[in-house]
Amino acid sequence: MDEIGAGFVRAVELIVSLDPAVVDITVRSLIIALTSTAIATTIAVPIGGLIHFHNFWGKRAVINVIQTLYSLPTVTVGLLVFLLLSRSGPFGGLGLLFTPAGMVVGQTVLIVPIMTGLTIAALSGVADQVRDSAVSLGASKYQAIFTIMGEARAAMMAAVLLGFGRALSEVGVAMMIGGNIRGYTRVLTTAIALETSRGDIEFSMALGIILVSISLIVNLLVNRVQGRWWA
Amino acid sequence: MIEAMGVRAVRGGGEVLKGVSLKAEKGEALAIIGPTGSGKTTLLRILNLLDPPGGGRVLFDGVDVSAGDRARLLARRRMAMVFQKPSLFNATVEKNVSYGLRVRGVSASAIDGLVGAALREVGLSGWEKRGAFGLSGGEAQRVALARALVTDPELLLLDEATANLDPRTTEAIEALIRRVRDDGMTVVMATHDLGQARELADRVAVLMEGEVVVLGTAEEIFDSPGSEEVGRFVGGRRRQGRSLMIPDRTSHP
Numbered sequence: 001m002d003e004i005g006a007g008f009v010r011a012v013e014l015i016v017s018l019d020p021a022v023v024d025i026t027v028r029s030l031i032i033a034l035t036s037t038a039i040a041t042t043i044a045v046p047i048g049g050l051i052h053f054h055n056f057w058g059k060r061a062v063i064n065v066i067q068t069l070y071s072l073p074t075v076t077v078g079l080l081v082f083l084l085l086s087r088s089g090p091f092g093g094l095g096l097l098f099t100p101a102g103m104v105v106g107q108t109v110l111i112v113p114i115m116t117g118l119t120i121a122a123l124s125g126v127a128d129q130v131r132d133s134a135v136s137l138g139a140s141k142y143q144a145i146f147t148i149m150g151e152a153r154a155a156m157m158a159a160v161l162l163g164f165g166r167a168l169s170e171v172g173v174a175m176m177i178g179g180n181i182r183g184y185t186r187v188l189t190t191a192i193a194l195e196t197s198r199g200d201i202e203f204s205m206a207l208g209i210i211l212v213s214i215s216l217i218v219n220l221l222v223n224r225v226q227g228r229w230w231a
Numbered sequence: 001m002i003e004a005m006g007v008r009a010v011r012g013g014g015e016v017l018k019g020v021s022l023k024a025e026k027g028e029a030l031a032i033i034g035p036t037g038s039g040k041t042t043l044l045r046i047l048n049l050l051d052p053p054g055g056g057r058v059l060f061d062g063v064d065v066s067a068g069d070r071a072r073l074l075a076r077r078r079m080a081m082v083f084q085k086p087s088l089f090n091a092t093v094e095k096n097v098s099y100g101l102r103v104r105g106v107s108a109s110a111i112d113g114l115v116g117a118a119l120r121e122v123g124l125s126g127w128e129k130r131g132a133f134g135l136s137g138g139e140a141q142r143v144a145l146a147r148a149l150v151t152d153p154e155l156l157l158l159d160e161a162t163a164n165l166d167p168r169t170t171e172a173i174e175a176l177i178r179r180v181r182d183d184g185m186t187v188v189m190a191t192h193d194l195g196q197a198r199e200l201a202d203r204v205a206v207l208m209e210g211e212v213v214v215l216g217t218a219e220e221i222f223d224s225p226g227s228e229e230v231g232r233f234v235g236g237r238r239r240q241g242r243s244l245m246i247p248d249r250t251s252h253p
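Going down the list, the sequences are from chains A and B. Numbering of the first sequence is given in the working numbering, commencing with residue 1 and proceeding in unit increments. Numbering of the second sequence is given in the working numbering, commencing with residue 1 and proceeding in unit increments.
It cannot be assumed that every hint is accurate.
Stated by the list, open to error - Quick list of in silico lysine to any residue cross-link-like pairs, SDA-like style, CA-CA up to 25 Å:
#1 A:141 to B:63
#2 A:141 to B:74
#3 A:141 to B:41
#4 B:129 to A:149
#5 B:129 to A:154
#6 B:85 to A:145
#7 A:141 to B:72
#8 B:85 to A:98
#9 B:95 to A:143
#10 B:26 to B:178
#11 A:141 to B:105
#12 A:141 to B:71
Stated by the list, open to error - Beta-carbon label-pair distances, calculated as ranges:
#13 A:76 to B:69: 40 to 46 Å
#14 A:219 to B:130: 43 to 49 Å
#15 A:42 to B:111: 56 to 62 Å
#16 A:199 to B:131: 53 to 59 Å
#17 A:42 to B:107: 30 to 36 Å
Rather than coming from a laboratory, the hints here were simulated on the basis of the structure. C-beta atoms are modelled at their ideal positions from N, C-alpha and C, and glycine is treated no differently.
Let the sequences and hints guide you as you build the complete structure.
Structure follows, in C-alpha cells:
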C-alpha cells in the first residue's frame, strides 16, 4: 500500500515538474490520436451521412455490421493492419510499419466504425419534422441534409470525441503497428504496459494519471456538447 | 394557383386520399375541413410537394409539379407551409426566420431588414437573439408563421396552424391570415375550427374519408350544406358549441 502511495506522489511530481519523457510521450499520444480522429471524421461522417440519407437493399445489415465492429478487439485490428502494412502485405511498400503514420492508419481503421455508427445514430435522432420544415421552407435536397446535420451537431461532436477517446486509450494497434519504439512510436498506453512490466511503477502511474485525466476531460466535453455537465 | 387533380395517397396499407380534385385560385382563401383522419394533412403535404402523390397530379400555376426535383424545388420556393406543431431549428429566432431567405441566396444585408419586419408582423419584435427551443407553443407558432411569411410566398398552406393555441394567440394569427389574404396571397388551410373556416375562407372543401364530398362558398357549406352527410357534420358540430370546434375523435372516446 505504501508503495502505491509513494508511487502516486512520485507520479504527481513527474507531471508537475514536466518530466521531459512524460511530456514527450503525452504529446506524441495526443498528436497521433488527434490525427487519427481528424482523418476518421472525414471518412466516417460522409459515410454515415450516405448510409442515413439513402435507402438501399441491405441497409439494416450494413448498420448491424458497423455496430458489431464497435467492439472489435484492438489486437484484431492491429493484426489486420499489421498484415496489410508488413513487407509482404499489399501496402508493405509504403514503409508504414513501426512508424507514427502506421499507428495513425491503425487507429483510424479502429475508430471509423464507431464514429460512422454514432453519426448514423446522431442523424437518426433528428426528428422528421426538421427535414419537413427545411424542405417546406425551400431547401434543396443538399441544403436540407446540411440542416439536419447541423441539428445533429451535438451528437456528432460526441461521436468525434468518443472516437478520439478510443484512439487515445487503445493499446493493441499502438503496440503491434508502432512497435513501442522509444522517442518515436512510444505512446501513453504502450509506455504504461512496458514500464509496469519493468517495475517502474511511478512512471507508469504518472502516465496513467495523464491518460485518465484526458479521458475525463473528453468525457466532460461529450457531456457538455450534449448539454449536461455532470450527467 | 394550386390544383390537385385526382390525387391519391396510401398510408399504412390504407387509401388516405381517393382521387381528390380541388383548386385554389390566385388570391383565394380555401379551407379544408373534415374529421380527424379524413386526409387533410396528407393533402396539404402533397400540395406543398413534401410527399409525392400516389396517383394523380399537382399543378402549380398550370404546370405539373408532381414529378421532377427541379420543378418541385422551384414551385416549393413560391409557397410556404405552417404545420400544426411548429418544428423550429435548434438556433436563434433570427436564424429560424431567416432560413428560407438564406437557402434562396438572399444577401445578408437584406436579410436583417426582412427578418425584423417579419417578427414585427407576428408581434415578436426584438426577439431575434432568443433561443427557439425556449419559446412557448404560441410563441413558437408565431415564429413559424414569420418564417413562412418572410419569403413573401404566393401560396400559404396552413395545417391546423392554430390548434392547441390559446385564444389570444389564435386571434393574433387569424388576424395575420386575414391580412395576407386581403393582400392577395393565396391561402389553403386545413382546420378543425369551423368558425375559423367560415370567417377566413372564401370557399370551403369538406373532406371525408379521403374524398371531397362538397366544395363551395363558406355560406353554401354552412347555411345550406346540400347533402345530409355534410349537414349532419357541419350542423351537428355547430350545435355543440359557439366556437364551432370539431372535437378530436381520437382524444376522447
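Against the structure, the hints:
1. A:141 to B:63: holds (21 Å)
2. A:141 to B:74: holds (12 Å)
3. A:141 to B:41: Since the Cα atoms of residue 141 of chain A and residue 41 of chain B sit roughly 22 Å apart, the hinted pair holds (cutoff 25 Å).
4. B:129 to A:149: holds (22 Å)
5. B:129 to A:154: Satisfied, since the Cα-Cα distance of roughly 20 Å is no more than 25 Å.
6. B:85 to A:145: holds (21 Å)
7. A:141 to B:72: Given pair residue 141 of chain A, residue 72 of chain B holds - Cα atoms ~11 Å apart, limit 25 Å.
8. B:85 to A:98: Distance of about 57 Å is beyond 25 Å: violated.
9. B:95 to A:143: holds (14 Å)
10. B:26 to B:178: holds (15 Å)
11. A:141 to B:105: holds (15 Å)
12. A:141 to B:71: Holds: residue 141 of chain A and residue 71 of chain B sit about 13 Å apart, inside 25 Å.
13. A:76 to B:69: 40 to 46 Å: holds (44 Å)
14. A:219 to B:130: 43 to 49 Å: Violated: the Cβ-Cβ distance is about 31 Å, outside 43 to 49 Å.
15. A:42 to B:111: 56 to 62 Å: violated (31 Å)
16. A:199 to B:131: 53 to 59 Å: holds (56 Å)
17. A:42 to B:107: 30 to 36 Å: holds (31 Å)
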